[in-house]
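Produce the complete structure using the sequences and hints provided.
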Amino acid sequence: MNGGAMNDNVKPGAAKPTVEIIQRPNKLREKVGGSADGKPGRIDPAAIMRANSYVARLADAHEAQTKLDLTDLHAAYRRALDDAENRATHLRRIVKISDGILTLGKTFGYDLLSDFAHALNSFLIPLPDPTPAQMQVVGLHIDAMHVLVRDNIKGDGGAIGQALNGSLSVARAKLGARRNA
Amino acid sequence: MASGGKYYRFDGLSILVVDDNRFVRSIMMTVFKGLGVGKMIQAENGEEAMAVLEVSAQMDGAGKDIDIIFADHLMEPKDGIELLRWVRAHDSDKIRFLPFVMMSGDADEAAVRLARDSGVTEYLAKPMSVMNVASRLLAIIDKPRAFVRAPNYFGPDRRRQTLPYDGEEKRRLGPEDVRVVEDGAHMVIDSQNGIGENPEKSAPPSGAALEESDEIAQQRMQA
Numbered sequence: 076m077n078g079g080a081m082n083d084n085v086k087p088g089a090a091k092p093t094v095e096i097i098q099r100p101n102k103l104r105e106k107v108g109g110s111a112d113g114k115p116g117r118i119d120p121a122a123i124m125r126a127n128s129y130v131a132r133l134a135d136a137h138e139a140q141t142k143l144d145l146t147d148l149h150a151a152y153r154r155a156l157d158d159a160e161n162r163a164t165h166l167r168r169i170v171k172i173s174d175g176i177l178t179l180g181k182t183f184g185y186d187l188l189s190d191f192a193h194a195l196n197s198f199l200i201p202l203p204d205p206t207p208a209q210m211q212v213v214g215l216h217i218d219a220m221h222v223l224v225r226d227n228i229k230g231d232g233g234a235i236g237q238a239l240n241g242s243l244s245v246a247r248a249k250l251g252a253r254r255n256a
Numbered sequence: 092m093a094s095g096g097k098y099y100r101f102d103g104l105s106i107l108v109v110d111d112n113r114f115v116r117s118i119m120m121t122v123f124k125g126l127g128v129g130k131m132i133q134a135e136n137g138e139e140a141m142a143v144l145e146v147s148a149q150m151d152g153a154g155k156d157i158d159i160i161f162a163d164h165l166m167e168p169k170d171g172i173e174l175l176r177w178v179r180a181h182d183s184d185k186i187r188f189l190p191f192v193m194m195s196g197d198a199d200e201a202a203v204r205l206a207r208d209s210g211v212t213e214y215l216a217k218p219m220s221v222m223n224v225a226s227r228l229l230a231i232i233d234k235p236r237a238f239v240r241a242p243n244y245f246g247p248d249r250r251r252q253t254l255p256y257d258g259e260e261k262r263r264l265g266p267e268d269v270r271v272v273e274d275g276a277h278m279v280i281d282s283q284n285g286i287g288e289n290p291e292k293s294a295p296p297s298g299a300a301l302e303e304s305d306e307i308a309q310q311r312m313q314a
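Residue numbers (the numbering used here), protein chains in the order written: chain A, 76 to 256; chain B, 92 to 314.
Treat the hints as calculated values from the structure; they're not laboratory data.
Here a beta-carbon is modelled for each residue, glycine too, at the ideal position from N, C-alpha and C.
One thing to keep in mind: the hints can contain errors.
Unchecked claim - Partner residues are not named here, just some residues of chain A that face chain B (Cβ under 8 Å, in silico):
hint: 1; residue: Thr93
hint: 2; residue: Ile96
hint: 3; residue: Gln98
hint: 4; residue: Asn101
hint: 5; residue: Leu103
hint: 6; residue: Val107
hint: 7; residue: Gly109
hint: 8; residue: Ala111
hint: 9; residue: Arg153
hint: 10; residue: Arg154
hint: 11; residue: Leu179
hint: 12; residue: Gly184
What follows is the structure, encoded as structure tokens:
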């Protein structure tokens, strides 16, 4: 160690420690203007509001992007059904697209869309080689997501959304990875 | 956000956003712009991020460094975990000590544990929101953790809190196995002795033992 101070735990002549705890000066805090007394700072509420309003302006772009994502998702699903040899690749693509939908759904008020995307991935990731019935459950999730976007169903989806959610939950419970094992 | 304290200014910060979804990247950039972050750099995947960071490591001068990495978990080529491991294993202190926020839709215990054991600083469970992102920024700034260098780990201290534990003592390191370094800028490490060579050491002082059992780790994550 060059220049670093050690604690009192190290005895003179002892073997070199197997573990080091490295205390670093908090330069990031200095950089953002943190007070010298170490008191935690805050983010200006105006900055939070500004960020939220910037994001809200992208709602139309999000809707357009989500429609594209759902088209891609459906295409990847069709390929996973038709191209058994490369199914793993197509399933990974489904998970990736669904992950993108999950990421931003709630940001723009599509809570249930994010939930369905998350449920789809949670169902699909533990399945290395889904059965035809399990693939059908994947398709149901994609169809349900289409419905949410087509009918502009936001928040918890109301009665229609909850009915869809209930049906998908039952399908996942019946055909999820544990039952398959 | 936290009450009290002065408002932080992020105009001096430089953040690297790594995600292979262009739209997600643009939303992240929009969020950071709204929060007043001075400089945002984008990378499309882990591989591209490595190239950006490599350049940053070689640049010398204030204001040119990357301060924080926000990276998606699911990416190709090189996903978020591969990028994180590369960062923590980097030769340059400018890179390996960087705060790293892993963004993931898969926030189950195994995924979080994998990121934690790879040296992640914060974990941002999707979906994305301004508050989610802002809270991670505050955590990085206000609650930095010391780094730990152990035979099988390099990264922020994985112990975020001390919880009572009544079970059998399982820690295997004694106080003489641990060295506290106040500045990691010129670190020289020689960890020839494996952890298992001191199994009889069972009562290190508070805060000295670093290998927590899975049971303890699980209790901590659930707390």
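- prompt: When the nearest CB of chain B is found for Asn101(A), is that gap smaller than 8 Å?
  reply: This interface hint holds because 5 Å falls under the 8 Å limit.
query: Holds or violated: is there a CB of chain B closer than 8 Å to the CB of Ala111(A)?
result: violated (11 Å)
query: Given Gln98(A) was flagged as interface, is its beta-carbon under 8 Å from a beta-carbon of chain B?
result: Result: holds, 5 Å to nearest chain B Cβ.
field: Interface hint for Val107(A), Cβ within 8 Å of any Cβ on chain B
entry: Val107(A) check passes; min Cβ-Cβ to chain B is 4 Å, inside 8 Å.
message: So, as I understand it, the hint says Thr93(A) touches chain B; can you test that by seeing if any CB pair is closer than 8 Å?
response: Result: holds, 5 Å to nearest chain B Cβ.
query: Once the shortest beta carbon distance from Gly109(A) to chain B is found, is it less than 8 Å?
result: holds (7 Å)
message: Is the interface hint satisfied for Leu103(A)? The criterion is a beta-carbon contact with chain B at less than 8 Å.
response: holds (5 Å)
- prompt: Can we keep the Arg154(A) interface hint, with Cβ of chain B closer than 8 Å?
  reply: Check failed: Cβ of Arg154(A) comes no nearer than 17 Å to chain B, outside 8 Å.
- request: Hold the hint about Ile96(A) up to the distance rule: shortest CB distance to chain B must be less than 8 Å.
  value: holds (5 Å)
query: Does Gly184(A) pass the interface check with chain B, least Cβ-Cβ distance below 8 Å?
result: The hint is violated - Gly184(A) has no Cβ within 8 Å of chain B, the shortest such distance being about 11 Å.
query: Hey, does the Leu179(A) contact hint survive, CB to chain B under 8 Å?
result: holds (6 Å)
- prompt: Does Arg153(A) meet its interface restraint, that is, does its C-beta lie within less than 8 Å of any C-beta in chain B?
  reply: Hint on Arg153(A): violated, closest Cβ of chain B at ~21 Å, above 8 Å.
Hint check: violations occur at hints 8, 9, 10, 12; the rest are consistent with the structure.
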